[in-house]
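Sequences listed follow chains A and H, in order. Using the numbering used here, the first residue of the first sequence is number 18, and each one after it goes up by one. Using the numbering used here, the first residue of the second sequence is number 18, and each one after it goes up by one.
Please keep in mind that the hints were generated in silico from the structure rather than gathered at the bench. Keep in mind that this is a model prediction, so the values were computed, not measured. Please note that a few of the clues may not be correct.
Copies of the same chain look alike in the list, so a pair counts if it fits in one copy or across any two.
[Stated by the list, open to error] Straight-line Cα separation of at most 27 Å, DSS-like style, residue types lysine-lysine; simulated pairs:
no.	residue 1	residue 2
1	Lys19	Lys156
2	Lys125	Lys42
3	Lys191	Lys156
4	Lys241	Lys125
There are 2 protein chains.
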Amino acid sequence: MKELFIIKIGGNVIDVMDKLSVFLKKFSVINSPKILIHGGGKLATDLSTKLGIEAKLVDGKRITDAATLQIITMVYSGINKSIVAKLQALGANSIGICGADLNMIPAKKRAVGAIDYGFVGDVLMEKIPVTHWTDLLEKNICPVVAPITADSSGQLLNTNADTIASSVAQALSKTYKVTLIYCFEKNGVLQNPDDEQSVIPLIQPEIYSTFKSQGVISKGMIPKLDNSFEAMKNGVSKVIIGNALQIDKLITSKEGTHLSLA
Amino acid sequence: MKELFIIKIGGNVIDVMDKLSVFLKKFSVINSPKILIHGGGKLATDLSTKLGIEAKLVDGKRITDAATLQIITMVYSGINKSIVAKLQALGANSIGICGADLNMIPAKKRAVGAIDYGFVGDVLMEKIPVTHWTDLLEKNICPVVAPITADSSGQLLNTNADTIASSVAQALSKTYKVTLIYCFEKNGVLQNPDDEQSVIPLIQPEIYSTFKSQGVISKGMIPKLDNSFEAMKNGVSKVIIGNALQIDKLITSKEGTHLSLA
Numbered sequence: 018m019k020e021l022f023i024i025k026i027g028g029n030v031i032d033v034m035d036k037l038s039v040f041l042k043k044f045s046v047i048n049s050p051k052i053l054i055h056g057g058g059k060l061a062t063d064l065s066t067k068l069g070i071e072a073k074l075v076d077g078k079r080i081t082d083a084a085t086l087q088i089i090t091m092v093y094s095g096i097n098k099s100i101v102a103k104l105q106a107l108g109a110n111s112i113g114i115c116g117a118d119l120n121m122i123p124a125k126k127r128a129v130g131a132i133d134y135g136f137v138g139d140v141l142m143e144k145i146p147v148t149h150w151t152d153l154l155e156k157n158i159c160p161v162v163a164p165i166t167a168d169s170s171g172q173l174l175n176t177n178a179d180t181i182a183s184s185v186a187q188a189l190s191k192t193y194k195v196t197l198i199y200c201f202e203k204n205g206v207l208q209n210p211d212d213e214q215s216v217i218p219l220i221q222p223e224i225y226s227t228f229k230s231q232g233v234i235s236k237g238m239i240p241k242l243d244n245s246f247e248a249m250k251n252g253v254s255k256v257i258i259g260n261a262l263q264i265d266k267l268i269t270s271k272e273g274t275h276l277s278l279a
Numbered sequence: 018m019k020e021l022f023i024i025k026i027g028g029n030v031i032d033v034m035d036k037l038s039v040f041l042k043k044f045s046v047i048n049s050p051k052i053l054i055h056g057g058g059k060l061a062t063d064l065s066t067k068l069g070i071e072a073k074l075v076d077g078k079r080i081t082d083a084a085t086l087q088i089i090t091m092v093y094s095g096i097n098k099s100i101v102a103k104l105q106a107l108g109a110n111s112i113g114i115c116g117a118d119l120n121m122i123p124a125k126k127r128a129v130g131a132i133d134y135g136f137v138g139d140v141l142m143e144k145i146p147v148t149h150w151t152d153l154l155e156k157n158i159c160p161v162v163a164p165i166t167a168d169s170s171g172q173l174l175n176t177n178a179d180t181i182a183s184s185v186a187q188a189l190s191k192t193y194k195v196t197l198i199y200c201f202e203k204n205g206v207l208q209n210p211d212d213e214q215s216v217i218p219l220i221q222p223e224i225y226s227t228f229k230s231q232g233v234i235s236k237g238m239i240p241k242l243d244n245s246f247e248a249m250k251n252g253v254s255k256v257i258i259g260n261a262l263q264i265d266k267l268i269t270s271k272e273g274t275h276l277s278l279a
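Modelling step: build the complete structure from the supplied sequences, incorporating the hints.
Right, here's the structure in full:
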């Protein structure tokens, strides 16, 4: 099977133009089929603040109300087009999409339970139209994905970019040997959050359980890792977590944190 | 040759959700290859005002500075994704693009002459990659186009939506029998701007010259008409100007203003 890299970029790498440029330059020369999924960094929060729209929190969970959805849609879609323009200039033919385009990431609005999350979407992984993705990849086109989806009624929905990355990775794992990479400003999963040199090079399920019970792994990292192990159980070959500015090394060597089932 | 409808929607139809929904419903059932190009209506201006970014004018011409470009990119791209989500829900498979995506509308920054327009793009019509457009259209996919382009250095550029429509129409006129439709909130080109019933049903070059010299045609309409006659000289079959809410009738009957070379 052909190798496919699905790379999710997040954290402050998105906000700082110089850093984003370094990443995109290295990303553009990856000589395999590739998909880029990005977040919105601090830009959506900044714009909301400027417009006087306060973040809505219920029980510590962020709620996407209509005003926030509108901001997020604009900011993420705008970043999406900036990234595509830069990739084109670097010679990497790319197309900027969200989940609504060609319905490439079908989703549904999260059901209201103890919390009403508002306009938040959950990916319907089994409905991802694999051929739309392969059609682009086989033409050497790189999809650049903004984390917005829509439900079948045409309602746009704020959707977690990590989840999009792992859902698309799983859906495409029957067609490609998929490497899923989560990259951001840290060098990997750290044993000590204050020490960038404390990268844990390899995490297997057993060690992961131990780390979790010992509280070694930071809370923010746990959904990402749970997600990743789940993705590997469903066919994704490799998951790597590391520094976006070293994307070239994450792919070719043992930089960052590598996850393994065995 | 197969018929292709290239429809540019502008004016306040974009701003008012009810009107946009009526338009999209009628647009979605057009049973021929079709392309939708939209503007940003008042939304970009509204957001700029809220953020305290003043419109920059030089000699009465609007200038796109960096802050304005950022607003425009976000607003137009956001509208673009909303339209795509609604079309999907209506069963019209669509993909939202700007000129940078697959480099589908190559452009260059307008040269600084008497006025520096800032980040404004002029379409490089002869470089439009026709096969990227036909690939989508032949798969029954409707491209939905936001009026943003990029130059070869990856700089995003604000670009006139009317010009994009007529450039794409000309580029595709060797492959399709192209009908170019400009629609907005008016019923057509009006003989008396205050009388919606004064639609001029047919405009030919000679009458157009007479109307222009008599000042019958409003100044805002002249670039659109100049552009349209130019497009017809370059192979576009028909140009129709009329009310977006009657898009069904513009296509099938003699509503609106029809332009003709002879």
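A quick look at each hint next to the structure:
{"no.": "1", "hint": "Lys19 - Lys156", "verdict": "both (14 Å within a copy, 25 Å between copies)"}
{"no.": "2", "hint": "Lys125 - Lys42", "verdict": "between (35 Å within a copy, 22 Å between copies)"}
{"no.": "3", "hint": "Lys191 - Lys156", "verdict": "both (19 Å within a copy, 24 Å between copies)"}
{"no.": "4", "hint": "Lys241 - Lys125", "verdict": "within (21 Å within a copy, 42 Å between copies)"}
Of the numbered hints stated above, none is contradicted by the structure.
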